[in-house]
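Student: Work out the full structure: start from the sequences and follow the hints.
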Amino acid sequence: MSQDQGKTEVKPMKIDDILQRDVWDVDLEPHITVDSSKCEKCPTKPCLYLCPAGCYILAGEKVVFSYEGCVECGTCRVICPMNAITWHYPKSGRGIMYRFT
Amino acid sequence: MYLNYLHWVEKSIYIYKKLIPPCGVYVLDVKNKWDVIIVGAGPAGSAAGYMLAKKGFNVLILERGRQPGYKELFGGRVYAEPLREIYGNDLEKAPIHRWVKREKLSFVDGSKLVSIEYQSDTSTSFTTYLPQLARWMADKAGEAGALLVEEVTVDRIIYKDGKVIGVGSGSDEVYADLVIDAEGVNRLLLEGLGLVVKLQPEQVAVGAKETIKLGEDKINERFGLNKEEGMAWLLMGGITDYIPGGAFIYTNKDSVSIGLVLHLGHAIKEVKDHISQMVEKLRLHPQLRNLWIDGDIMEYGGHLTPEAGPAMMPKKLALNGFLITGDAGGLLLNVGYTIRGVDFAAYTGYLAAKAAIEAHDKGGFTEQNLKAYESMLKNSFVYKDLTRLTGMQDLYNDPGMFKALPKLAVGTAANVFEIDLETPGVWNSFNKARRNAGLGLLSLAWKGYRLMKKM
Numbered sequence: 008m009s010q011d012q013g014k015t016e017v018k019p020m021k022i023d024d025i026l027q028r029d030v031w032d033v034d035l036e037p038h039i040t041v042d043s044s045k046c047e048k049c050p051t052k053p054c055l056y057l058c059p060a061g062c063y064i065l066a067g068e069k070v071v072f073s074y075e076g077c078v079e080c081g082t083c084r085v086i087c088p089m090n091a092i093t094w095h096y097p098k099s100g101r102g103i104m105y106r107f108t
Numbered sequence: 002m003y004l005n006y007l008h009w010v011e012k013s014i015y016i017y018k019k020l021i022p023p024c025g026v027y028v029l030d031v032k033n034k035w036d037v038i039i040v041g042a043g044p045a046g047s048a049a050g051y052m053l054a055k056k057g058f059n060v061l062i063l064e065r066g067r068q069p070g071y072k073e074l075f076g077g078r079v080y081a082e083p084l085r086e087i088y089g090n091d092l093e094k095a096p097i098h099r100w101v102k103r104e105k106l107s108f109v110d111g112s113k114l115v116s117i118e119y120q121s122d123t124s125t126s127f128t129t130y131l132p133q134l135a136r137w138m139a140d141k142a143g144e145a146g147a148l149l150v151e152e153v154t155v156d157r158i159i160y161k162d163g164k165v166i167g168v169g170s171g172s173d174e175v176y177a178d179l180v181i182d183a184e185g186v187n188r189l190l191l192e193g194l195g196l197v198v199k200l201q202p203e204q205v206a207v208g209a210k211e212t213i214k215l216g217e218d219k220i221n222e223r224f225g226l227n228k229e230e231g232m233a234w235l236l237m238g239g240i241t242d243y244i245p246g247g248a249f250i251y252t253n254k255d256s257v258s259i260g261l262v263l264h265l266g267h268a269i270k271e272v273k274d275h276i277s278q279m280v281e282k283l284r285l286h287p288q289l290r291n292l293w294i295d296g297d298i299m300e301y302g303g304h305l306t307p308e309a310g311p312a313m314m315p316k317k318l319a320l321n322g323f324l325i326t327g328d329a330g331g332l333l334l335n336v337g338y339t340i341r342g343v344d345f346a347a348y349t350g351y352l353a354a355k356a357a358i359e360a361h362d363k364g365g366f367t368e369q370n371l372k373a374y375e376s377m378l379k380n381s382f383v384y385k386d387l388t389r390l391t392g393m394q395d396l397y398n399d400p401g402m403f404k405a406l407p408k409l410a411v412g413t414a415a416n417v418f419e420i421d422l423e424t425p426g427v428w429n430s431f432n433k434a435r436r437n438a439g440l441g442l443l444s445l446a447w448k449g450y451r452l453m454k455k456m
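These protein sequences, in sequence, are chains S and C.
So that you can map any letter, position 71 of the first sequence is 78 in the working numbering, and since no number is skipped, the others follow by simple counting.
So that you can map any letter, position 94 of the second sequence is 95 in the working numbering, and since no number is skipped, the others follow by simple counting.
Hints are supplied without guarantee of correctness; some may be wrong.
[To be verified] For each label pair, taking beta carbons as the anchor points, the in silico distance ranges come out as: (1) S/S73 x C/W428: 52 to 58 Å; (2) C/K317 x S/K52: 33 to 39 Å; (3) S/S73 x C/I294: 30 to 36 Å.
[To be verified] Subject to a maximum C-alpha distance of 27 Å in a straight line, what follows is the list of computed DSS-like cross-link-like pairs (lysine-lysine): (4) C/K55 x C/K94; (5) C/K273 x S/K52; (6) S/K52 x C/K270; (7) C/K34 x S/K98; (8) S/K98 x C/K161; (9) S/K18 x C/K219; (10) C/K199 x C/K316; (11) C/K385 x C/K102; (12) C/K214 x S/K21; (13) S/K18 x C/K214; (14) S/K98 x C/K199; (15) S/K21 x C/K270; (16) C/K199 x S/K52; (17) C/K355 x C/K55.
Calculated from the structure, these hints are not laboratory results.
For clarity, every value in this text was computed on a predicted model and none was experimentally measured.
Glycine is no exception: its CB is placed at the ideal position from the N, C-alpha and C atoms.
Tutor: Following this line, the structure appears as structure tokens:
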């Protein structure tokens with residue numbers, strides 16, 4: 008036990024915890040919609056890895072999507088192999104509010 | 002509904018109070034016909050707005066964020082000279098965090114890394130938070146007389162009878178003789194106009210970034226910096242799981258920005274870990290973590306960055322009543338060790354304003370007159386730098402560049418410095434590492450030659 012004293016415990020933080028540092032004013036209407044009929048047929052699902060905000064997660068076989076924590080980068084729209092994503096910016100000042108980026 | 006008159010009056014009074022412009026004309030000048038409308042109060046839009054308002058044009062800048070900069074994210078460094086050309090000595094008053102006087106470039110393989118470091122007592126670039134710089138640039142435009150209206154997401158460019166006549170947001174429309182598109186990398190408006198098709202993965206990279214609060218003294222001590230001196234550090238190889246792109250570390254006043262950039266064309270096929278966890282691996286890298294491990298993550302974010310240069314530029318940058326600037330035009334330079342986005346964007350906004358002023362003097366904002374913008378760009382450092390990007394694309398597509406070369410550099414150093422009994426010669430160390438990295442001598446010579454030539 009004693010030899011562990013003074014060691015900083017270093018663990019990667021989960022995306023949900025990292026995102027606690029950010030500030031949003033979430034739009035009431037989703038600014039992104041996913042066509043689930045197309046999405047279900049996707050063999051590779053790169054959105055699971057490349058959406059920086061982790062908005063796309065796997066629940067069983069299906070991709071589940073939430074727009075609330077979106078950082079509005081547009082990556083999902085560019086990489087979606089099925090063209091299943093309709094993507095707009097949130098309306099009137101809503102969405103992410105960066106301060107130190 | 003957001004552009005109705007009441008809202009405008011209210012907003013104008015707010016802006017008037019906030020910016021304390023030289024006179025109160027805005028409050029009386031609420032209208033829906035302008036000389037120039039600029040979409041986006043980023044570096045490109047605000048630079049253009051500043052130049053045009055200074056010349057006496059009636060300028061309206063529409064920004065979708067609640068404040069300029071709220072939607073913006075960059076690596077961390079801005080090259081100063083293009084901004085100095087626009088703002089002169091006023092630039093000294095900009096929210097500059099540190100002047101970069103140390104440059105570091107590292108090859109990473111697993112837990113080992115090899116670095117090259119450049120130290121200087123002079124500097125041509127500074128670190129900052131882009132939201133702060135964008136706020137400052139928008140205020141400069143406001144002081145010059147432009148009206149900035151926030152919280153308006155422009156969703157279409159109005160094109161009629163062969164020319165652009167205004168912009169729309171929901172049910173509202175505003176009109177102008179000239180519209181300047183500074184919408185950023187996700188160029189939805191240009192797609193709507195049919196000037197570009199949807200971005201392809203090969204044309205962009207995704208960046209993800211953490212800002213870590215550390216304190217000014219700790220940064221100075223740990224990075225070996227004097228007060229107000231900064232470091233820019235780029236890393237490649239294992240730090241991105243060998244996906245083309247790289248990682249970056251920038252020192253701000255009392256925080257450190259760390260993050261990585263992944264070329265999407267490769268990342269969609271090669272990514273193995275969630276990108277946020279790749280940033281966490283960078284934060285916790287055994288050779289790096291002690292620099293900031295006791296710091297707090299202040300903010301995290303992601304953004305796309307143009308990668309393809311001329312290959313993703315719209316066919317035209319000037320139409321009747323319309324100009325395209327900054328990221329929307331693909332006007333960003335990334336050659337691995339040097340990334341220039343903010344200063345390029347600002348400079349293209351500046352050139353667009355110059356071209357608009359010339360066109361106005363010639364009789365109007367016709368495509369013919371505005372075409373001067375394209376030739377100004379072609380004659381400037383912007384276009385000359387960008388044409389080199391075409392070559393960089395080939396390098397990205399050479400899988401050896403981002404894997405074999407870092408492995409070779411780190412492997413050689415490991416063989417030279419980690420000694421068992423016999424002291425290895427450099428040439429033997431190099432050859433052993435070269436074979437481990439799977440590189441033939443000839444192919445390596447060829448790669449080296451191409452690398453030097455293209456860069």
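Student: So which of the earlier hints does this model not fit?
Tutor: none
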